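Novice: Here the protein sequences line up with chains L and F, keeping their order. Heads up: the first sequence is residues 2 to 378, going by the numbering used here. Heads up: the second sequence is residues 35 to 264, going by the numbering used here.
Note that these hints are calculated values from the structure, not bench results. Note that the structure is predicted; figures quoted are calculated from it, not measured. Don't take every hint at face value.
Stated by the list, open to error - Cβ-to-Cβ under 8 angstroms is the rule here; a few derived chain F residues that face chain L:
id, residue
1, Phe66
2, Phe68
3, Ala117
Unchecked claim - Stretch by stretch, here's where chain F covers chain L in the computed footprint (C-beta under 8 angstroms, at least three residues):
id, region
4, 5 to 12
5, 283 to 289
To be verified - Anything over 12 angstroms on all C-beta distances counts as not near chain F; from chain L, calculated:
id, residue
6, Thr79
7, His83
8, Pro126
9, Asp136
10, Val195
11, His197
12, Glu235
13, Lys238
14, Tyr275
15, Val323
16, Leu361
A virtual CB, placed ideally from N, CA and C, is assigned to each residue, including glycine.
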Amino acid sequence: MALVFRNQRARPVRSLLTVLGILVATASMVLFLSFGEGLRQALAGEMTKFGPEIRVVAEGTGVFGVPNPELDQNVLDTLKAHARELGIARLFPAVVMMKGSGFDPATTFLFYGLPEGVTPKDLAPAAKLVAGRLDPHPDGAVVGKQKAEQNRLTLGKVLRLSRRAEVPVVGIVDAGNGLADSFIFVPMKLLQKVLHTDQYSVVLVYVAPGHKADEVAARIRALLPGVDAQTTSEAIKYAERAIKIGDVIRFGISLIALIVGGLLVANTVMMSVYERIREFGVMRAIGARRGFIFRLVLLEALLLAVAGGAVGVAAGYLGSWVVNLYTTHAVGLALSAVTPRLVLFSLAVALALGLSAGLLPARVASRISVVEALGRL
Amino acid sequence: MSEGDRVLYAAHLGKRYRQGEVWIDALRDFTFDFPPGVTAVVGPSGSGKTTLLNLLAGFDRPSAGEVYLAGRPLHALGEDERAGVRLAHAGFVFQSWNLLPTLSALENVAFPLLLKGVPRRERNQRARALLDEVGLGHRASHFPHQLSGGEQQRVAIARALALDPLVLFADEPTGNLDSAAGERVLELLLGQARGRRRVVLVTHDLEIAARAHRILRLKDGRLVEVRASP
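Can you make the complete structure from the sequences, with help from the hints?
Specialist: So this is what it looks like as structure tokens:
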């Protein structure tokens, strides 16, 4: 092992540059994949923060889509009438309106119209009042803390919903960095007026104790054709699938960096082998077996890869922290997470990289003919 | 005496190389049983000296004949088996001293012991004793680039003796040294021919060869003369 270290120290600049190459490759992989991990954590956290277990929307609405106000009074009445047999503890309608592109959090406004008697705390039970009051009724807006900070909304500031409808900010609520932190809660009637409708976007349902959300949702779908009942676990599954696809794509991208890093190690070790043919020849002449030389060269490649991988994971962790600083501010969610399994996976990939990059040079070094090597004296 | 009892023995040894379309006989029908003491191998360039050394040490396999080192048939063994025989029974001193540049003098001497699996403390003790023997105990922690040519060659001799070999091969050991350093190295080498040990000294310098117990003269790949030194 001392020989392995010494050989790397004998060529410090080259070793350092190679380690840097691996570092960049590993750090980029950690950072790319940390988004998937972050999304999973954020999603799980978000779902536990969200009160209602089922959202009833018009059929065809995406799990994470903003639902249009397409549910009529009949849907609400039917659900209320059959609440007991369906296994519903509580339900209330809501109207949702999005203003802005939807892509840039700073210029996107998601208005949540709540009926009388319902406050943001009913959606996010952990929500805490930061300033003003919790209930937007009769004519105010309660803004999520994140959104308030992002758009500098303070108490008394007036929000314009349409040409004729304006509401002052009457409360700021902290939903614990959840999605509700980006919402603006307003009275439902006001939002219906703005949208020129008396329908609802969504009916939010709390499942009664002793019932399962999936079964309640299935019963609702059976009872009301043209209506979809989406559970939070379905949403998680749906999101998990999307995250997995994202993982594959992100890993594919980082694979390019990894391959470049691997070639870098292979090139460095191969050059080092060619420069040291004499040394290997002398070792073989003295009595070193092929396996000794093979292991020596392979260990050198592994050392470079593991050193680069370890520092790369640390750099990826730092990058993830910086990303989270931005995303927490921008969308209220820490979108990047370096989990223990990601660290282990990255180190394993770095190790595999070193192993595969070192195999060929190790084979070449171990097969050097003594006569040929000593002929170069 | 059977071949298995012979320390260094070659019978009808030959080596053919192909150079383009032409076959070259680098060594032909070499037979000799090396007795204890120093045997010098002399001859002009291209006479087959280095080829002979390569075959006797098991660096290369012969095209014809047999070669035994410490009773082991090198001609019939694979690369790793030959390496094992070398490690156990042979030591080498080359013209270019060939110390491992990233190891100190002590570590270079201890290297064969490391290959043999000797524990660190024991191998360091043995290496230090050998360095003392060649007069370089005070340079143990120096790296090859910090040593003179003569000192490097003495470290190489200490390394060659690390496992107390039966045969010591030296290929032009003083070729790169000034006369004073060369003389010291030569005396050290000649002094190693003790007990059953054979020292095979390949040289083109007849003055050096004259100090061996016997001289083998090669010409065009053939052994043309065997004589005791005057």
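Novice: List, from low to high, the hint numbers that the structure doesn't satisfy.
Specialist: 1, 2
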